[in-house]
Every structure is written in structure tokens, then in C-alpha cells.
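J.: Residue-level listing of the chains:
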Amino acid sequence: MIDYFTLLLDAYLDKELPPSKVHLVEQHLETCLHCQAELKKRRHLIELLCEVPPMKIVEPEAQFIRKVNSQLTVRSSNSWQPKSILNISWQMIPVGLLVLAAFIYSVSIISLIFGSIPGMYEMILGKFTTIGFDFSRMDPLSFILWLFGPFQLSHWSWISGIAAFMIISLIYLSWLIVWWYQYNTANEYRMV
Amino acid sequence: MSVNLSAKDETTEMILKAQKGDQQAFGELVHLYHHQVIDVVYRISGDAYLADEAAQIAFIKAWKHLPEYQFHSNFRNWLYRIAVNSALDILRKEKPIENIDDVQIGSLEDNADMIMNKKERIRVIQKAVLALPEASRAVIVLREYHGLSYREIADTLDISIGTVMSRLNYARTKLAGMLADYLEET
Chain Y
1374 MIDYFTLLLD AYLDKELPPS KVHLVEQHLE TCLHCQAELK KRRHLIELLC EVPPMKIVEP
1434 EAQFIRKVNS QLTVRSSNSW QPKSILNISW QMIPVGLLVL AAFIYSVSII SLIFGSIPGM
1494 YEMILGKFTT IGFDFSRMDP LSFILWLFGP FQLSHWSWIS GIAAFMIISL IYLSWLIVWW
1554 YQYNTANEYR MV
Chain S
795 MSVNLSAKDE TTEMILKAQK GDQQAFGELV HLYHHQVIDV VYRISGDAYL ADEAAQIAFI
855 KAWKHLPEYQ FHSNFRNWLY RIAVNSALDI LRKEKPIENI DDVQIGSLED NADMIMNKKE
915 RIRVIQKAVL ALPEASRAVI VLREYHGLSY REIADTLDIS IGTVMSRLNY ARTKLAGMLA
975 DYLEET
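Each protein sequence line maps, in turn, to chains Y and S. Mind the numbering: the first sequence is residues 1374 to 1565 in the working numbering, read in order. Mind the numbering: the second sequence is residues 795 to 980 in the working numbering, read in order.
Just so you know, the hints here were simulated from the structure itself, not pulled from any lab data. Errors might be hidden in some of the hints.
Unchecked claim - On the chain S side, residues computed to face chain Y include the following (Cβ under 10 Å):
1) Asp846
2) Ala849
3) Phe853
4) Ile955
Unchecked claim - Cross-link-like lysine-lysine pairs, in silico, DSS-like; alpha carbons within 25 Å at most:
5) Y:Lys1414 <-> S:Lys921
6) S:Lys887 <-> S:Lys858
7) S:Lys913 <-> Y:Lys1414
8) S:Lys921 <-> S:Lys887
9) Y:Lys1440 <-> S:Lys887
10) S:Lys855 <-> S:Lys802
11) Y:Lys1414 <-> Y:Lys1394
12) S:Lys968 <-> S:Lys913
13) Y:Lys1414 <-> Y:Lys1429
14) Y:Lys1413 <-> Y:Lys1440
15) S:Lys921 <-> Y:Lys1413
16) S:Lys811 <-> Y:Lys1440
17) S:Lys887 <-> Y:Lys1429
18) S:Lys802 <-> Y:Lys1414
19) S:Lys811 <-> S:Lys855
20) S:Lys855 <-> Y:Lys1440
21) S:Lys855 <-> S:Lys887
22) S:Lys814 <-> S:Lys855
23) S:Lys814 <-> Y:Lys1429
24) S:Lys858 <-> S:Lys814
25) Y:Lys1429 <-> S:Lys913
26) Y:Lys1440 <-> S:Lys858
27) Y:Lys1388 <-> Y:Lys1414
28) S:Lys913 <-> Y:Lys1440
29) S:Lys912 <-> Y:Lys1429
30) S:Lys814 <-> S:Lys802
31) S:Lys912 <-> Y:Lys1413
32) S:Lys858 <-> S:Lys802
33) Y:Lys1429 <-> S:Lys921
34) S:Lys912 <-> Y:Lys1414
35) S:Lys968 <-> Y:Lys1413
36) S:Lys968 <-> S:Lys912
37) Y:Lys1429 <-> Y:Lys1388
38) S:Lys858 <-> S:Lys811
39) Y:Lys1388 <-> S:Lys968
All C-beta atoms in this analysis are idealised placements derived from N, C-alpha and C, irrespective of residue type, glycine included.
Only chain S is shown next, with the shape it has when bound in the complex (with noise of 0.2 Å):
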């Protein structure tokens, strides 16, 4: 619990120091949160190089923005709504190039087919995820691979909590619907 506390209160002294422009601080944030604001776009977009392109923009505006920052809510939530809307912008001006390989499946004991197969079912997820439509496709992740609450989503994203719940059931019901082969199987 006090390492907990000890951390935040680190995070805190970071967000303050960087606010009055000191860009080693900023570096020490970018350092706890690069590689979730990474997943986040990279998730939402479908392809590792625009991930990175849309998570620098998203930093740097992040601390273009900082000052502005009022720790009313999660610093990591204020990021991922930065990076969100940078991996959105992205995506409207470039097509993802499609990059499976770049995502690390299986264990060295997984026998050839398993990881075939496990590489092929990935696959086909991320495609599933990445045909939603946008709106459903940035509270899907949000929710399965960050774990944020309905209020975390809603405010991250400026949306009620009532719009979270009809987008994520309107994105489940959808990737159902696309991947009910591997439902059945299961």
C-alpha cells in the first residue's frame, strides 16, 4: 500500500515538475507510459508502425497540453484520451498496413501447428476488432485490454456512461457474430 503511495506521489512530483516545463520529468512520465499508450493505439489503428507514430503525436501533445492538466482525473486516462484521439486522426489519413507478425504468440513449447493455429486465430480477432466501427472499436479496448471502468471509458472519452454501454454491446454482439466459429469451438 505505502509503495503504492510512494509511486503516485512520484507520478505526481513528475506531472508538477514537467507542468513548469522541466522535460526530464516529461521524459520519466513518457518512460511509465509508453508502452501503454503503445498498446492502446496500436490496438485501435492495427498496425505496430502508426502505433508509434500516433503515441509520439500523442505525447507531444500531451505536453503541449500539460499545463492544463488539473489532476481531477487518472493522468494515465488523460493520456490514453490524448493518444486515442491521435490514433483516430491517424487513421483517417492513412490506411493501416497489416503487420500480425509483429505480435509476439506462443511459448518455445508450443508445437508448430498450435502456434500456426494460434497465429492464424489472432489473426482473425484483430481483424474482427478492427472492422468495428471506431467509436465501438476505442471502448472494446479500453474495456478488454486496459481494464477501465464504464466511468474511466466515459471519461476518457467524453461520452456518457449510458453511450459505453450501447457501444460495447453493439461491439460484442458484432465480434460474436464474426468470430462465432472460434465460439463454438470453445
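Same shape as in the complex, but just chain Y (with noise of 0.2 Å):
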């Protein structure tokens, strides 16, 4: 079991207790022989373990150097590093919302255009005819405008809007706090 006050000890002799505990560390010695006993001896121990010296190099150091060079792998000074899939994902989703959100805007704003000048479907469909594509039957600009019905800009309500706003941003904002603590922890000091 360790002592609470010889782990203070030991903080106390390398400097390194906040001067509240420094003064209760210094009160408890003065009435504490066992303390000032066991103080003493580590201060003798790190005097002690300070006699070993450094290692005597046993290769010079220009060969060590040079063995190590040799051992370098060529890495490009604009090499790509890859990313993880997490960080990708995490980085392609807004992105993809904030597309997808483009698209849906644009495909129904055309549609406006398109629906807003007589003939214009006609048009549109008489030329793809000629191509060989018999749409008779099936109007393309119809279909996306159903199947992108309850979107179309037309539907749209404010409130609608500042929540899509709101959940893209909260979603970014999760990447970014996600980003933050893998960048402040993992990434400096990862096991290599």
C-alpha cells in the first residue's frame, strides 16, 4: 500500500507539489521523524542513482547517422497521407447533405422554370423522341417533380428550412467537437 505522505514526499523533493500541499508537506515533517527519515534516504538514493553515467558511445556517432540514412524510406515532400474511413464519413456527411440539399433546390427551382412556360415540356419531350426514347407515356420532369414533391421549393416553409439548416450544422459541429478531441489526444502522441 502506498503511503499517502511518501507519495507527497516524492513530489516534494522533484519540485513538484503546488505550494498549498509544499506548506502541509513541510508541517507534517516537522513533527514526523519516520518522514524526515524516509526524506533523507531518497535524497541519498537519487544522489546515489545520479553516479551511473552516461553510456560510453560504442559506435561513432557519423556511422550511426549514416546507418540510419540508409534505413530511410523516401517519403515525398508532398506525400499524401491517408485518412482514416471515420474521418472521411464523418467529413462526407454534411457534404453530402449540403449537395443533396443543392440538388433538391435546383431540380425544383428548374422544374418551376420549365412548369412556367407554355410548351416548354413539349419541347423538352419532342426532341427526345427523335432521339428514340418514346416518353409518351412517361414525363421525366413530371416524375421528378413527384417524386421530389414535398421538397420542392414551393413547399418549403421557413421553419422547414431552419431546421434542415440547424441539423446539417449540428451534424458539422459533432464532426468538428469528434475532429477536436482526436487532434488534441490520439493524434501527438500516438503508439508508434
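Take each chain as given, in its own frame, and dock them per the hints.
T.: Below, the structure written as C-alpha cells:
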């Protein structure tokens, strides 16, 4: 079992204690003979450990550097670092949603423009039929309008617009939080 | 102060160049940190040849992972982390050979008996450190021989400060027990 004061003694010896605890330890040391002896012993131990000198280098430095250099793989200056699938998918969710929203808006705007011009459908369908497609029973623009009917610009209220914006923002924000967390914790000290 | 700042700037520049693939700049970094890295792995492994091998592996790994280094931590401590892991990996594979003769001890003025006593004492201290569990050994080496703060040790070994404190306490208590004869002498 680790004695609380012994733990503090080590930190005290290493000058790693906050001032409030330094005062606490010094107060304790005034009366505790056991801790006084322990502190003295630990000071001596540190001195003793420091008697072991650094290692005599067995290999000349130039040779060591040459050996290391010979084993380095060539890394291009602008080498692309692959990202994890998780990072890519997190990034792509909001981007994908924005692209989808832009697509729906575009289709609905184009549909509205085409729909408002008299004879436009007939003209486009006529062009398609000349190259072999028979759209007499299938109207593609009507189909798209039907498909995105609920999402058409004319059906959107400002509430649904704000709600969609907030959902996309929240997803983006959550991705930013995850990215920030990974950046601050894992990236620098990845096990190597 | 300005000298330190410019040295720091130079190191940063070398790291940036090495990150972009400049092997010469990386060679400069190896030159700069070679002794410190070797010393860490030597004190953990207790064998000069294993230390040399582990240091080489550490630098090669550092080169490979250098683009991931983002200047949030001290570069030396980042290298230490790689070096400690490399040393522990090697130790798990190979049993170190004892070679206390590689240690530089004594000055010419010391007499033969003093040198022998000192040599013997160093041998015992090294044995005691090597007898510690790997986790505590890494903490004591970084603290006593490389002067890292608790925060730096925690970051280097990816452990909490509380764990650093308890491992250090364990290591010192064990060492005090193993080296009791020498502690009584002093």
C-alpha cells in the first residue's frame, strides 16, 4: 500500500507540489520523524542513482547517422497522408447533405421554371422522341417533380428551412468536436 | 536567451524540412538527439549494443511518423516516447547482455581501489534499476537521468500524472530496499 505522505514526499523532493501542499508537507515533516528519515533516504538514493554515468557510445556518431540514413524510406515532400474511413465519412456526411439540398433546390427551381413556360415540356419531350426515346407515357420532369414533391421550394416553409439548416449545422458541429478531440489527444502521442 | 530561441527555431526548421522528406535535415536531428536517445534506451535496457540497435529503430520509426508530429509536445520527449517503446520491444525479444565495462567511470586521479569500489557500486545500482518492472524503470530513468517533469513523463509514456507518481514511488521504495547497504554508508 502506498502511504499518502510518501507519495507527497516524492513530489516534494522533485519540486512538483503546488505551494499549498508544500506547506502541508513541511508542517508534517516538522513533527514526523519517520517522514524525515524517509526524505533523507530518498535524497541519498537520488544522489546514488546519479553516480551511474551516461553510456559510452559504442558506435561512432557518423557511422550511426549513416546507418540510420541508409534505412530511411524516401518520403515525397507532398506525400498524401491517407485518412481513416471514419474521418472521411464524418467529413462527407454534412458535405453530402449540402450537395443533396443543393440538388433538390436546383431540380425544384428548374422544374418551376420549365413548368411556368407554356409548351416547354412538349418541346423537350419532342427532342427526346426524335433520338429514339418514347416519353409519351413517361414524363421525366413530371416524375422528378413528383419524386421531390414534398421538398419542392414552393412547399418549403421558413421553419423547415431553418430546421434543415440546424440539422446540418449540428452534424457538422459534432464532426468538429470529434475532430478536435482526436487532434488534441490521439494525434500527437499515437503509439509508434 | 536569444541563443536558445534561435537554436529552437533552427530545430523547428529542421523538423519542418524533415517532415517534407529532407533526409539531410533529419540527419541533423539525429546528430542533435542521438546521445540523449541512446542514453534513455541504454538505461532502460542495460546493454550498450541493444541500446544502439533500439536507438536506430527509434530514429527510423521517428522518420516514418514525423509527418504526424505537430509541435504540441517537446520534440525530444516525442523521440523519447518512441525510444522507450523501441527499447521495451527489443527487451521483450532479447535478453540483454551485461556489459558494465562500457560505462565510463572514474578519473585518472582516483586510485585503483576507489575505482573498483565505484565500479562495483555502479554495477549494483544498474542491476537494481534493471530489476525494476519495465513500467517503473522507464519512469525512474526519465526522471532521474533525463530530468523530465511529471507532466512530461506522463505525456511521454501516455499515462496520468497520478500513475507517474505511484510508479516513481514504487521504484524509489524498491531501489531504497535493494540499495540499503549503500544508503546506510552515505
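J.: If a hint holds in the structure, say so; if it doesn't, say that too.
T.: Hints, verified against the model:
1. The beta carbon of Asp846 (chain S) is positioned within 10 Å of a beta carbon in chain Y (closest approach about 5 Å), and the interface hint is therefore held.
2. Because the smallest distance between the Cβ of Ala849 (chain S) and any Cβ of chain Y comes to about 8 Å, under 10 Å, the interface hint for this residue holds.
3. Interface restraint check: Phe853 (chain S) against chain Y, minimum CB-CB distance 5 Å, threshold 10 Å, status holds.
4. Taking 10 Å as the C-beta cut-off, the interface hint given for Ile955 (chain S) holds, the closest approach to chain Y being about 8 Å.
5. With a C-alpha separation of about 19 Å, the suggested pair Lys1414 (chain Y) and Lys921 (chain S) falls inside the 25 Å cut-off, and the hint holds.
6. Using a Cα cut-off of 25 Å, the hinted pair Lys887 (chain S) and Lys858 (chain S) holds, with the two alpha carbons roughly 22 Å apart.
7. With a C-alpha separation of about 22 Å, the suggested pair Lys913 (chain S) and Lys1414 (chain Y) falls inside the 25 Å cut-off, and the hint holds.
8. Taking the CA atoms of Lys921 (chain S) and Lys887 (chain S), the gap is about 19 Å. The hint holds against a cut of 25 Å.
9. Distance restraint check for Lys1440 (chain Y) and Lys887 (chain S): the Cα-Cα separation of roughly 22 Å lies within the 25 Å cut-off, and the hinted pair is therefore satisfied.
10. As the CA atoms of Lys855 (chain S) and Lys802 (chain S) are separated by approximately 23 Å, the hinted pair is consistent with the 25 Å bound.
11. As the CA atoms of Lys1414 (chain Y) and Lys1394 (chain Y) are separated by approximately 21 Å, the hinted pair is consistent with the 25 Å bound.
12. For a cut-off of 25 Å, the pair hint linking Lys968 (chain S) to Lys913 (chain S) stands: about 22 Å separates their Cα positions.
13. Annotation: proposed proximity of Lys1414 (chain Y) to Lys1429 (chain Y) is violated, straight-line Cα distance about 29 Å (limit 25 Å).
14. Only pairs whose Cα atoms come within 25 Å are accepted, and Lys1413 (chain Y) paired with Lys1440 (chain Y) is rejected, the gap being roughly 46 Å.
15. Straight-line distance between C-alpha atoms of Lys921 (chain S) and Lys1413 (chain Y) comes to about 23 Å, which keeps the hinted pair within the 25 Å bound.
16. For the proposed pair Lys811 (chain S) and Lys1440 (chain Y), the alpha carbon gap of about 20 Å is at most 25 Å, so the pair holds.
17. As the CA atoms of Lys887 (chain S) and Lys1429 (chain Y) are separated by approximately 24 Å, the hinted pair is consistent with the 25 Å bound.
18. The suggested pairing of Lys802 (chain S) with Lys1414 (chain Y) is violated, with an alpha-carbon distance near 38 Å, which exceeds 25 Å.
19. Proposed proximity of Lys811 (chain S) and Lys855 (chain S) is supported: the alpha carbons are some 17 Å apart, at most 25 Å.
20. The suggested pairing of Lys855 (chain S) with Lys1440 (chain Y) holds, with an alpha-carbon distance near 14 Å, which does not exceed 25 Å.
21. Annotation: proposed proximity of Lys855 (chain S) to Lys887 (chain S) holds, straight-line Cα distance about 18 Å (limit 25 Å).
22. In summary, the hint linking Lys814 (chain S) to Lys855 (chain S) is supported, as the alpha carbons are separated by about 16 Å, within the 25 Å threshold.
23. Simply put, Lys814 (chain S) and Lys1429 (chain Y) have alpha-carbon atoms about 33 Å apart, too far for the 25 Å limit, and the pair is violated.
24. Taken as a hint, the Lys858 (chain S) and Lys814 (chain S) pair is honoured in the structure, with Cα atoms around 11 Å apart against an allowance of 25 Å.
25. Only pairs whose Cα atoms come within 25 Å are accepted, and Lys1429 (chain Y) paired with Lys913 (chain S) is accepted, the gap being roughly 14 Å.
26. As the CA atoms of Lys1440 (chain Y) and Lys858 (chain S) are separated by approximately 15 Å, the hinted pair is consistent with the 25 Å bound.
27. Straight-line distance between C-alpha atoms of Lys1388 (chain Y) and Lys1414 (chain Y) comes to about 17 Å, which keeps the hinted pair within the 25 Å bound.
28. Between the alpha carbons of Lys913 (chain S) and Lys1440 (chain Y) the distance comes to roughly 32 Å, so the proposed pair goes past 25 Å and is violated.
29. Restraint check: the Cα-Cα separation between Lys912 (chain S) and Lys1429 (chain Y) comes to about 16 Å, which is no more than 25 Å; the hinted pair holds.
30. Note on Lys814 (chain S) and Lys802 (chain S): the hinted pairing holds, with a Cα-Cα distance of about 19 Å set against a maximum of 25 Å.
31. Using a Cα cut-off of 25 Å, the hinted pair Lys912 (chain S) and Lys1413 (chain Y) holds, with the two alpha carbons roughly 22 Å apart.
32. Restraint check for Lys858 (chain S) and Lys802 (chain S): satisfied, since their Cα atoms lie roughly 22 Å apart, inside the 25 Å limit.
33. Pair hint Lys1429 (chain Y) plus Lys921 (chain S) holds up; C-alpha atoms about 18 Å apart against a cutoff of 25 Å.
34. Pair hint Lys912 (chain S) plus Lys1414 (chain Y) holds up; C-alpha atoms about 20 Å apart against a cutoff of 25 Å.
35. With a C-alpha separation of about 16 Å, the suggested pairing of Lys968 (chain S) with Lys1413 (chain Y) holds against the 25 Å cut-off.
36. As the CA atoms of Lys968 (chain S) and Lys912 (chain S) are separated by approximately 21 Å, the hinted pair is consistent with the 25 Å bound.
37. Simply put, Lys1429 (chain Y) and Lys1388 (chain Y) have alpha-carbon atoms about 30 Å apart, too far for the 25 Å limit, and the pair is violated.
38. Simply put, Lys858 (chain S) and Lys811 (chain S) have alpha-carbon atoms about 14 Å apart, close enough for the 25 Å limit, and the pair holds.
39. This hinted pair checks out: Lys1388 (chain Y) and Lys968 (chain S) have alpha carbons roughly 21 Å apart, not beyond 25 Å.
Consistency with the previously given hints fails for numbers 13, 14, 18, 23, 28, 37, ordered from lowest to highest.
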